[in-house]
Amino acid sequence: MMSLTKVSLSSVVRLQYRYKLKAYTGVFMGLILVQVIGILLTLVGSMQTSFSNNVYTVEVSMFSPSLVIILTIIWAFLNAILMTTKAYREDDFTFVSNRLSYNLSNMAFLLTACVIGAITALLSGGIIQLLTYITQDIDVFLTVTHEVSVGDYVAGAVVTLLYILLAATAGYLIGMMTQFNKRLIILIPVLLIGLNYIAQHNGNSGFVNILEFYFMEYSFSLFLLKAVVTLIIGSGLAILLSNRLEVR
Amino acid sequence: MKVIECERLVKAYCSMKALDQINFSIEENTITGLIGRNGAGKTTLLKIIAGFWRGTEGEVKVFNRSPFNNLEVSMNSIFVDDMMSFTYTLNLGEILDEAKAFYPNWDEEIAFALLEYFNFNPKQTHQSLSKGKRSTFNMIVGLAAKCPLTIFDEPTTGMDAAVRKDFYRALLKDYLIAPRTIIISSHHLDELEDILEDILLVDEGKKVLQLPVDELKEYAVTLSGRTAVVMQTLQDKEVIYKRDVNIDNCSVVVRNNFSHEEVKRLGIQVSPVTPTDICVYLTNQTKGAIDDVFNKS
Amino acid sequence: MVLNMDSTIPIYVQIAEWLENEILNGNLKIDDKVYSQYKLADMFTINPATAAKGLNLLYEEKILYNKRGLGKFVSHEAMTIILEKRKEMKLKGLLNEAVQEATRLQVTEEELLEMLKQIMKESKGE
Amino acid sequence: MGAILSIILIIIFWFIAMNKRLTQKSLTTKKLKLIFIGYISILILGTVSAFFLPSSEANMMEGLDPSGDMTDNLFMKAEQGEFSSIDKQRIADSWEYSYTGEKLTLSSDSYEEGILIERTDELKEAIEVFYIKDWQALGVNAAYMDVSEYTPDMGVELISDTLEFVSPEEEIIIELAFNELGFPMKQMIGESQFGNGYSSSGSRFFYIRVPEDLQIEFSEYLYVDYVNN
Chain A
42 MMSLTKVSLS SVVRLQYRYK LKAYTGVFMG LILVQVIGIL LTLVGSMQTS FSNNVYTVEV
102 SMFSPSLVII LTIIWAFLNA ILMTTKAYRE DDFTFVSNRL SYNLSNMAFL LTACVIGAIT
162 ALLSGGIIQL LTYITQDIDV FLTVTHEVSV GDYVAGAVVT LLYILLAATA GYLIGMMTQF
222 NKRLIILIPV LLIGLNYIAQ HNGNSGFVNI LEFYFMEYSF SLFLLKAVVT LIIGSGLAIL
282 LSNRLEVR
Chain B
-3 MKVIECERLV KAYCSMKALD QINFSIEENT ITGLIGRNGA GKTTLLKIIA GFWRGTEGEV
57 KVFNRSPFNN LEVSMNSIFV DDMMSFTYTL NLGEILDEAK AFYPNWDEEI AFALLEYFNF
117 NPKQTHQSLS KGKRSTFNMI VGLAAKCPLT IFDEPTTGMD AAVRKDFYRA LLKDYLIAPR
177 TIIISSHHLD ELEDILEDIL LVDEGKKVLQ LPVDELKEYA VTLSGRTAVV MQTLQDKEVI
237 YKRDVNIDNC SVVVRNNFSH EEVKRLGIQV SPVTPTDICV YLTNQTKGAI DDVFNKS
Chain C
172 MVLNMDSTIP IYVQIAEWLE NEILNGNLKI DDKVYSQYKL ADMFTINPAT AAKGLNLLYE
232 EKILYNKRGL GKFVSHEAMT IILEKRKEMK LKGLLNEAVQ EATRLQVTEE ELLEMLKQIM
292 KESKGE
Chain D
254 MGAILSIILI IIFWFIAMNK RLTQKSLTTK KLKLIFIGYI SILILGTVSA FFLPSSEANM
314 MEGLDPSGDM TDNLFMKAEQ GEFSSIDKQR IADSWEYSYT GEKLTLSSDS YEEGILIERT
374 DELKEAIEVF YIKDWQALGV NAAYMDVSEY TPDMGVELIS DTLEFVSPEE EIIIELAFNE
434 LGFPMKQMIG ESQFGNGYSS SGSRFFYIRV PEDLQIEFSE YLYVDYVNN
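Residue numbers (my numbering), protein chains in the order written: chain A, 42 to 289; chain B, -3 to 293; chain C, 172 to 297; chain D, 254 to 482.
The shape of chain A in the complex, shown without the other chains (with noise of 0.2 angstroms):
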């Protein structure tokens, strides 16, 4: 008879690793897309503060990848929760796989994306500056450079990557609830909107105090432990969630 082949799980995760990365290319145009937009945004809508006598206005636009750098963040949410729906797992369980190597090849892909997200999202300041100076009647440029370290710019870029990350932690999570239960599709917003309501009503701040959770966390080592425990956490359950998946 033929003989079972064993097999190990790392080796099927690489597999499918190696597989998505080839197959999930709507995740990249998306990025693209998205990075894009950002961009063309960046340009056409840049803050402006300006001051004006009767002899003179000087305004100066502010370009930043920071719309870029939140718009990825909403890919990355957005495709997480993507790839969780039955279109995509059906194509995973095409060939072998069970729901672990199934996450953990997600989760690799996922991690991928979101590195490649954050660089390309950071690399836009510099297209952004190169096109305002092509099609921008500007004056003078103006730069600020010897308050930031390289070591704060790699910092910087791994907060940013976190902050991707952790959008894509959260879509992963919230559709794997949905899979599991389609009800949770109403059900996730409404509690949430509500949560927030009682949390508003009793004198705290709601939302605010999560967004302040991470935003406003100005030390790096505070922010990557919240950031990384998160992650965690939430990869976490979505894997306990998605164990118990019927799939195809």
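If you're looking for bench data, these hints aren't it; they were derived computationally from the structure. Just so you know, these numbers come straight off a predicted model, no measurement behind them. Among the hints, erroneous ones may be present.
Cross-link-like lysine to aspartate or glutamate pairs, in silico, DMTMM-like; alpha carbons within 20 angstroms at most [to be verified]:
(1) C:Lys204 / C:Glu188
(2) D:Lys284 / B:Asp190
(3) A:Lys63 / B:Glu94
(4) B:Lys129 / B:Asp162
(5) B:Lys260 / C:Glu231
(6) B:Lys57 / A:Glu287
(7) C:Lys263 / B:Glu257
(8) C:Lys210 / B:Asp190
(9) B:Lys57 / B:Glu94
(10) B:Lys202 / B:Glu1
(11) C:Lys263 / B:Glu258
(12) C:Lys288 / C:Glu248
(13) B:Lys127 / A:Glu131
We have chain A; now place chains B, C and D onto it with these hints.
Structure of chains B, C and D alone, referenced to chain A:
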């Protein structure tokens, strides 16, 4: 050695039971036809065996393991149906290359030879294929994977008669080269029966019978003749189905477990029943025929 | 030869008959190795288990004998057994029909035997 | 902005939701690879070329409290007679005219800011005019940037007995572009994410030194003050 063992397997959706206490086992290196009407629970059963779905109650063992969420079962089995989903971004040739990476027994030579034989362009995408072509491609993947457990769920959907014939031939040839356990669910039992070893007939989530095809061919006979005479002989026989009963003549399908000589002597004609017909009769829910619907009015 | 798949005769019986014909034709001689179940399966596009059943049928009738690990071979008595069997089956079948027809036509046993003797005499006389 | 963003978001969501269907026809892995490599190289090219773009260091103002009162205002200082203590860098321009007339008329079409006149016995038959320009702060989120070096200077012309303050042109728009860091970077260097577009100005004025006995005339539109000696 038994490759699949099911014991009192139940799959329930709310109050509906897709599988109801089904018991059976499938021997290694056999080709089994899973036969049943639409909605009999064939797909449910196969998906549980493949490890995609979990049973509600009872026990399934594939290669002595519980298949749900089992990587080893997944690696050693392949489930082919017309819903098989491949990525849009790879063409057929690239999909076969990917499959090669996943399945250790993958037969690249056969895969590409079949691809050529069935006039596929390796540069095509799976999505651009017609329904029949898609089924043919899925079949190629199923065959070339050479998994110890190969499951075909309605593999011939959309295929024309010539391709179906080629498929059965290819399946058998491949089975002879690399014997493995194959389960095929199909509506075309008559085309398929020769390459099958066993038949597993299910109805309403229950096993009706599991027999070698040859035995199924001799499972029942039709007795036809004058109604009064035939009715007389039915007393000690197991009636499966009554057909064309009118005042003068009738034909009745009965279990073939008696000597034909004595009924022949009464002038009753004894004729065999094809496995396809037996399956239809055994799973007839209304215990009547479609004619009855029209006869009433 | 192509098997008659729609026939009422089970496939494995048809396989056995085909092999018998091969022996009768002299295509398979005494002590020749007969086709394996896999070869037969390939030739007729049937399940090897069915083919094996056909071979077994012949083995049980001692038309074939087994050599351990080598397969099945045509036995010395194969020809005789096949001829005996065919005679038995064919003649008996024809006679059976004759008897049934006689009953239907209300021909008595004596009359029927008389007819048989007459026919045999005529055929010998020629 | 919020409305635009939400519309864009809907479009993005729609796209991503459809994108499995969109990509099924044309985009193979190979094509995508090319597109992606193209995109990344454009980004890298942009980043590299951005280094070579002419740019100036922004003059960030540390510790500026725009709401506080400006006691160290240069105008006030000068008004108190402490002109000599003013940083020479703050004097954007200066002119010297010899002048023998007894009466000087100040005039301007557009100048609306302060003019300080110091009568001094140090000067005989001469006038000194200084244009003093302090910082010009624009709020960039929570930080303040001094843009005074880009604002135009005023000019002065002496025609017979009239001192004319001239602005370069009627209305000048100075467009500055400020390259900011992405918000996660700023979070890590401890800057607040949420600022406003407050602008605040230091002082800008003409300081005119004239002989003690010179008679000065000016229209009521001009804001003229004398130094307290």
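Structure-based check of each hint:
{"no.": "1", "hint": "C:Lys204 / C:Glu188", "result": "holds, 17 angstroms"}
{"no.": "2", "hint": "D:Lys284 / B:Asp190", "result": "violated, 47 angstroms"}
{"no.": "3", "hint": "A:Lys63 / B:Glu94", "result": "holds, 10 angstroms"}
{"no.": "4", "hint": "B:Lys129 / B:Asp162", "result": "holds, 13 angstroms"}
{"no.": "5", "hint": "B:Lys260 / C:Glu231", "result": "violated, 29 angstroms"}
{"no.": "6", "hint": "B:Lys57 / A:Glu287", "result": "holds, 17 angstroms"}
{"no.": "7", "hint": "C:Lys263 / B:Glu257", "result": "holds, 13 angstroms"}
{"no.": "8", "hint": "C:Lys210 / B:Asp190", "result": "holds, 15 angstroms"}
{"no.": "9", "hint": "B:Lys57 / B:Glu94", "result": "violated, 29 angstroms"}
{"no.": "10", "hint": "B:Lys202 / B:Glu1", "result": "holds, 15 angstroms"}
{"no.": "11", "hint": "C:Lys263 / B:Glu258", "result": "holds, 16 angstroms"}
{"no.": "12", "hint": "C:Lys288 / C:Glu248", "result": "violated, 32 angstroms"}
{"no.": "13", "hint": "B:Lys127 / A:Glu131", "result": "holds, 18 angstroms"}
When each numbered hint is compared with the structure, violations occur for hints 2, 5, 9 and 12.
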